[in-house]
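Engineer: Kindly produce the complete structure, drawing on both the sequences and the hints.
The sequence shown begins at 54 in this note's numbering and counts up by one.
Please note that a few of the clues may not be correct.
[To be verified] The following label-pair restraints were derived from C-beta to C-beta distances:
id, residue 1, residue 2, range
1, Arg-230, Arg-56, 54 to 64 Å
2, Thr-285, Gly-126, 31 to 41 Å
3, Gly-126, Glu-220, 42 to 52 Å
4, Glu-145, Thr-91, 41 to 51 Å
Simulated from the structure, these hints should not be mistaken for lab results.
A virtual CB, placed ideally from N, CA and C, is assigned to each residue, including glycine.
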Amino acid sequence: MARAVPAVERAFDVLELFLDSHELSAPEITAQLGLPRTTVHELVGTLSERGYLMPAGRGSNRFRLGVRGFQLGAAYAERLDLAREGQLVAEEIAERCQETVHVGVRDGADVLYVAKVDSSHPVRMVSAVGRRLPAHCTALGKALLAALPRAEVDELYSNLRLDAMTEQSITSRKALRRELDAIAKDGVAREYCESNESVACVAAPVRDQSGQVVAAMSISVPILRWNDETETALRELVREGAATLSERLGHPRS
Numbered sequence: 054m055a056r057a058v059p060a061v062e063r064a065f066d067v068l069e070l071f072l073d074s075h076e077l078s079a080p081e082i083t084a085q086l087g088l089p090r091t092t093v094h095e096l097v098g099t100l101s102e103r104g105y106l107m108p109a110g111r112g113s114n115r116f117r118l119g120v121r122g123f124q125l126g127a128a129y130a131e132r133l134d135l136a137r138e139g140q141l142v143a144e145e146i147a148e149r150c151q152e153t154v155h156v157g158v159r160d161g162a163d164v165l166y167v168a169k170v171d172s173s174h175p176v177r178m179v180s181a182v183g184r185r186l187p188a189h190c191t192a193l194g195k196a197l198l199a200a201l202p203r204a205e206v207d208e209l210y211s212n213l214r215l216d217a218m219t220e221q222s223i224t225s226r227k228a229l230r231r232e233l234d235a236i237a238k239d240g241v242a243r244e245y246c247e248s249n250e251s252v253a254c255v256a257a258p259v260r261d262q263s264g265q266v267v268a269a270m271s272i273s274v275p276i277l278r279w280n281d282e283t284e285t286a287l288r289e290l291v292r293e294g295a296a297t298l299s300e301r302l303g304h305p306r307s
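Structural biologist: Structure below.
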């Protein structure tokens with residue numbers, strides 16, 4: 054790895070203060086970063102000249118983020134590709150757990166798989182990118198549904214039957230609503246043999262730069278390898294994977 058450049062690091066330290074503050078003065082920046090006053094004035098002056106900072110008002114000695122930062126952010130967002138980013142993060146998570154990892158998006162009452170990495174085990178879940186399944190039968194789908202206002206969920210299923218894929222599938226709106234409330238509170242969805250009699254799964258929501266849930270990531274495991282210890286470990290791993298993908302989509306990691 055190349056050696057970090059101290060002057061560049063200090064410039065980024067200044068800019069990153071504005072992630073939590075709308076406006077700052079040079080003395081406030083000096084106090085928060087513990088840098089010499091002259092250094093801060095040079096950094097603020099340079100960042101202002103390049104358009105990354107701007108005066109908060111005419112004649113003001115306070116600063117806010119300038120338009121150049123917005124332009125860079127917009128360019129980054131424009132080039133984001135959920136499927137590509139999802140595939141990259143899914144590969145990282147699959148390498149750590151050796152199980153099948155999916156990324157999916159909601160399309161009405163269905164979940165659509167947009168990225169997938171297979172398990173390295175000979176016994177594994179059979180699926181494919183582009184496959185569509187009822188959202189209420191999958192951990193991915195339930196993670197996505199849990200992010201919706203309950204009125205929207207009720208409207209979505211007002212004229213739809215909750216058809217079962219297995220004997221474990223949810224088939225009543227009341228049961229679905231109860232489970233979605235639990236998922237919204239916990240942050241991780243669970244599925245045990247609801248879309249496939251031989252597969253268990255956990256999933257967590259993925260957010261974009263606006264904070265909206267735009268996808269979900271899941272880890273699927275044949276029930277012959279599923280137990281309480283495995284579930285606990287995979288719940289934390291899928292949270293981490295979803296947070297990493299969210300970060301790549303512009304959502305700050307909490």
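Engineer: Which of the numbered hints are not met once you compare them with the structure shown?
Structural biologist: Going through the list in order, the structure violates no hint and respects every one.
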